[in-house]
Structures are given as structure tokens and as C-alpha cells.
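Chemist: What follows is the residue order along each chain.
There are 2 protein chains.
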Amino acid sequence: MMNRQVTLANRPAGMPSESDFKLIETPVPSPGEGQVLLKILYLSVDPYLRGLMRSTHSYASPIGIGQVMAGGTVGEVVESRNPKFQPGDIVESYSGWQEYALSDGSDLRKIDPSAAPISTALGILGMPGMTAYFGLLEIGQPKPGDTVVVSGAAGAVGSAVGQIARIAGCRVVGVAGSDEKVRYLLEELQFDAAFNYKKVTDYQAKLSELCPSGIDVYFDNTGGPITDAVFPLINNRARLVLCGQISQYNLEKPEMGPRLLFHLVVKRARAEGFLVFDYTARYPEARERMAKWIREGKLKYRETVVEGIENAPKAFLSLFRGENIGKELVKVA
Amino acid sequence: MMNRQVTLANRPAGMPSESDFKLIETPVPSPGEGQVLLKILYLSVDPYLRGLMRSTHSYASPIGIGQVMAGGTVGEVVESRNPKFQPGDIVESYSGWQEYALSDGSDLRKIDPSAAPISTALGILGMPGMTAYFGLLEIGQPKPGDTVVVSGAAGAVGSAVGQIARIAGCRVVGVAGSDEKVRYLLEELQFDAAFNYKKVTDYQAKLSELCPSGIDVYFDNTGGPITDAVFPLINNRARLVLCGQISQYNLEKPEMGPRLLFHLVVKRARAEGFLVFDYTARYPEARERMAKWIREGKLKYRETVVEGIENAPKAFLSLFRGENIGKELVKVA
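Chains as they are written, first to last, in my numbering: chain A, 2 to 334; chain B, 2 to 334.
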């Protein structure tokens, strides 16, 4: 039996292409003492992986050329030599872009398939959901009545951020890249306002119109010109939550933009970055609350699912073209 | 008796010149019931005044054309119709660029001339000193062993920041604009390292050499390319204290610079602006500690004093050419 794996073939310069990945087949490994064999069911593709394709180390080690691409996964235990796991167990793991993987169990989290669809462990109840929850609540510190602006608002993180901000009593304005996304935000997710930045030339004028009381919290998934437009509109003591800068990930050197730090001085405002894994110990708290909000209909999510491990590169690349609504997933088996 | 006053003649575009100010003479006013007449002894010129010369409102109202220029002052009560003040009292006030001023007393703070030179009420024990104290300690949150980088390090604020950081057990690196300033920082103020940015082309390489353990706190008085060079060198959870952006104050529209926010994401770091007057209630605490450090020889200061109200514009303009070491003052009488 063979294990199909997607490896990193080249370090891309600029926007990656499918030729930067290579699909290979290796024999499915056998679990040793204490190990389990996982059959991967779902694979998560996320923008942060672009950073791991570089040769330079940032907060995580680069993926080596020829190595299997990294990524969060949900799998089923198909063989176990670890007393803590039985065949049939559904687990979250970080097994990367492949159909089968070994684990010693230390990195596995059992999922209850009766509690929520297992794919949510990679989305609304997984890393992106945790990112939204801790980024907004811990770094953004929203207060009822605040105006919260979210960029990348229809993505896995942004769509959760906006809804949690509404639960927190805020007015929520989303920035997204298609009319369909804007409709989704306004009609399904009940954002207070949203606009398609691809159809607007003056982002600042548009944000100013949609945020008549200024901006108290900005949750930034994109960086670039949308973020530039936010700075002049922030209120005193605004919080700018720097989560992602997807507009910059495929650039080989920093893009130039207007210097805007003085807005932080006069508004006594704060721009702060965070990485969700610093909050790992508190994921159970967040998962419990978010699952409750989902049951109550206050928190909705959508998944864009692509089938087949061979399509993982395509799914990953679509993130940078902004093609996904909600969480982009690959259904592996 | 006439009162010489310096008024705002024009709103400058770009770097102001002496022709943007006008020296006028008006009769010295007489105090009404409850008022005192102040004879101004020292006048403070500070970079933030450039912002008040614009027509647009930031955190304080613009100075009107034909109005007396604003600014902190130390004066002597020469006539009093207010029972709280006696002729001969030395007071801090915000009387602006003139030789005499009226006050109802509500904005006056009595100074004890035996405790410290009265000019220090505008410098090390005044607004710039308070800015250094609260900006560094509250926003920068230095920990012993931290590497603290200060831009504008030989100025009124920067020179105090560096010394307070040393008192807090930090390693201090200053960036300044002349060899004389660098000598002052290294020899008199005992900074651990300093460099003259006008003699260095690659600021990042220089900072990297002087900060082998990275940068934990950056106290920014200048903005611009020096600040750009700091971002790639920050450590996890670094604090960037945004105090001033003097390199930008004479620009008519934002200068372009590299987009650097992603460094804040991967380092979980924070850039935060502040305005010192938010800490007014706590000035007594800061003044007491700083006066003690001065007595103990741990905190030194220097003043660059220009004589005569007519030279206030010249003194002000010299700030933007970086000509001052320590606090720039005008001795009015």
C-alpha cells in the first residue's frame, strides 16, 4: 500500500505555483512500539505555510526541499501499538500533506465526531477559530459599542473574528475581495457593514463612511493598502491586532507604503502582533465557548473543500487569490 | 511697558523658516481680580509645536495665524490679585512665546527654586522628563537585562530615557546625529553603545552589531529609516514606544517606507504611542524619583539655552536640524 505525499520541490520566489510542489509515493509505514498509523481524512491549508517555504527561519523551522509539506490534519487511527489509541479513533494532528502518517501519540488530540463535524477541528474549532478568539479578545480587547474592522473578513479567521466581535457587542465592518463574500458577511454572518475592496478605489473614504464613529479595533489579516487606510481613522486608544499580512507573503522584499506610525502616537494606540500557539493551554476554554455559540446559532462557519491530496497545492494557492470563503480544506479520504 | 510676543505668521509647508513667525509688541496687560501677571523667565521649544502650526487638529487645537506661539514656560509672579500667589513666586505655566502673561492661577504650578534650577521645570523635571519616565516605564516596560535602543538619544527626552533604562538595569544603545552627541552619550551619560547615524549607511547592520542579543525595547523619537532598521531586529514580545516622529513633522504627506508590520506578528511585539499629558496625575511621583536620581548622580541633563524671546524661532528651528544637546530653552529674562 502506497502513501501519496506532497513535498516541497522548490523555494518559490514570489507567488508559488503548482510546480513548486511534487507528488510522490512512498510505502505506507508500519507503526513501531508505542506508535499509531493515521489515515488522514482532512488537511488544512493556511497562509502561514508560505512563510515556512522560505529558507529563512521566522517563528518556525523552514520546510526542507524534498520534505513533506507541513499542515494541520484530522485523521483516523487505522493501526495502533499505543494503548491510548484504538483503531477508529478520530484525532487532530500536524501530519502535513500526505495520506498516511505515524505518530507516537504525544501530538494527537482525540476528537468526538458526535460533537461537531470532524473538519471543524481544522477550522472554526481549530487553529483559525482559536486565532480569531484569542487575537480579538486578548489583543483587541473589544468593548461593547466599539467599531471593529476586519480585513480578510470572509476567510476562516476573519469570518470568526467578526462574529465574535458582534457577540461582544461591537459594530463590525468587514473588508473582503468579492461581492459574493460581501453578501455572505452581510446576509449570513450579520456584519453591520462590509465592502468589496476590489470595487473601491479610496479605501479610506469608504471606511470613513462605514465607520462614522472611527475605528476602535482593527483585526488585520492582510496588511498593505487596506491597513494603510485604517491608520488615519483610528480612535484614541485603538488596538490594531496584527494577525496576518497575506498581501505581503509573496513579496521578495518589503513593499513600500506610507509611514503611518505617527497616528499611533497621537491616538495613543497600539499595534500588536500575536501567534496563536502562545495560547495553546487555553484552547479548551475557547473551544467550549465557540462550540456553544455554534449550537446557539450565533457563530456560523463555512468550509471550502477540495478533494484529493493531489489537489492540495491548488487549494493552497487559491488562498492567495482570495478564492475561498471560510476555511479552505482538502478532503484526503 | 511693552510685551514682546512671537506670533505665528504663516502655516509653513515643509520645514518652517523664521519668516513664518512675527515678533510683535503689545502693552503689558494688567491683572484683573483673581489674576496674576507673570514675567516669563524661560520658554521651552519642543518638536510637538510643529503639529500645532498645521491647520488640522490632532490631539490639541491648532495655533491660529496671528496668535502667540504656544509653549511651556517658567515665570515669576510680578503682580498678584490672586491670594494664592505672591510677587516673587516662581511658577511653571503654559504661557507661550511672550515676555509677560496673565493667569488666573489655575494653570500654575509653584516651583521651589532651592530644590533645582528653575529651568529644569521645562526639561528633566518637566514635560520632556515626564515623557521619558512614563513612556519608557509604562509603555516600554523594561526588564533588567533588556536591550533598549533610543533614537534622538541626545535630545531632552532621549537622554533621559537612556539613563532611566540604565537605572532599570538595561543595556542602552543610543542613535544620535553627531559625533559630539555620541561622545556625550558614551562618556557623560554612560550609554553602553551609541552611533552617529549620519556617518553610517546601513543602520540595520550597525544596530545588529551593537545589539548582539536583539532589541527588547525601542524608544522612538524620530521615526523614518532608523525606526525601519529596528523592526527586523526586535526580539519576541518587544515593545516599541512611539513617542515622536521628528523626521516626519515637516513632510506635507506621509513619506514612503518599507511595510514592516509583519515583524510585529512573528515576534508577538507591540508598537504603542502615548501622550505624556495622559499621565499628569502621576507627575509628582516621577518628579520625586527623578530629582532623587539627579541628586545621586544617576541622572544627568544638559540644557542648550538661547537668549532673548526674539530668538525663539531660531531655537525652535534648530530642533529640526538636530543642533541641540539635551533640552533646548529660550532664556527670556
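Wrong hints could be hidden among the right ones.
No copy labels: a pair is met if it fits in one copy or bridges any two.
As the list claims (entries may be wrong) - With a Cα cut of at most 27 Å, we get these calculated BS3-like pairs of lysine-lysine: (1) K23 / K332; (2) K111 / K299; (3) K40 / K111; (4) K144 / K199; (5) K144 / K200; (6) K40 / K254; (7) K199 / K332; (8) K254 / K144; (9) K332 / K301; (10) K200 / K299; (11) K40 / K332; (12) K207 / K254; (13) K23 / K40; (14) K315 / K332.
Don't read these hints as lab results, they were simulated from the structure.
Chemist: Each hint should be assessed against the structure and marked as holding or not.
Modeler: Hint check:
With identical chains, the CA atoms of K23 and K332 are at most 27 Å apart within one copy only, with a shortest distance of 18 Å there and 74 Å across copies. Taking identical chains as interchangeable, the C-alpha atoms of K111 and K299 lie at most 27 Å apart only when both belong to the same chain, with a minimum of 26 Å there against 58 Å between chains. For a Cα distance limit of 27 Å, the shortest separation of K40 from K111 inside one copy, 14 Å, qualifies, whereas the shortest one across copies, 78 Å, does not. Taking identical chains as interchangeable, the C-alpha atoms of K144 and K199 are never at most 27 Å apart, the minima being 30 Å within one chain and 45 Å between chains.
For the homomeric pair K144 and K200, neither the shortest alpha-carbon distance inside one copy (31 Å) nor that between copies (48 Å) is at most 27 Å. Proximity of K40 to K254 under the C-alpha cut-off of 27 Å is found in neither arrangement, the shortest distances being 39 Å within a copy and 57 Å between copies. Taking the shortest Cα distances, K199 and K332 never come within 27 Å of each other, neither inside one copy (30 Å) nor across copies (57 Å). Neither within a single protomer nor between protomers do K254 and K144 lie at most 27 Å apart by alpha-carbon distance, with minima of 37 Å and 33 Å respectively.
Proximity of K332 to K301 under the C-alpha cut-off of 27 Å is restricted to the intra-copy arrangement: shortest distance 20 Å within a copy versus 66 Å between copies. Taking the shortest Cα distances, K200 and K299 never come within 27 Å of each other, neither inside one copy (29 Å) nor across copies (59 Å). Proximity of K40 to K332 under the C-alpha cut-off of 27 Å is restricted to the intra-copy arrangement: shortest distance 12 Å within a copy versus 80 Å between copies. Only between protomers do K207 and K254 lie at most 27 Å apart by alpha-carbon distance; the minimum there is 20 Å, versus 29 Å within a single protomer.
In this assembly of identical chains, K23 and K40 lie within 27 Å of each other by CA distance solely inside one copy; the values are 20 Å within and 81 Å between copies. Taking the closest pair of Cα atoms, K315 and K332 come within 27 Å of each other only inside a single copy of the chain (13 Å); across copies the shortest separation is 71 Å, beyond that limit.
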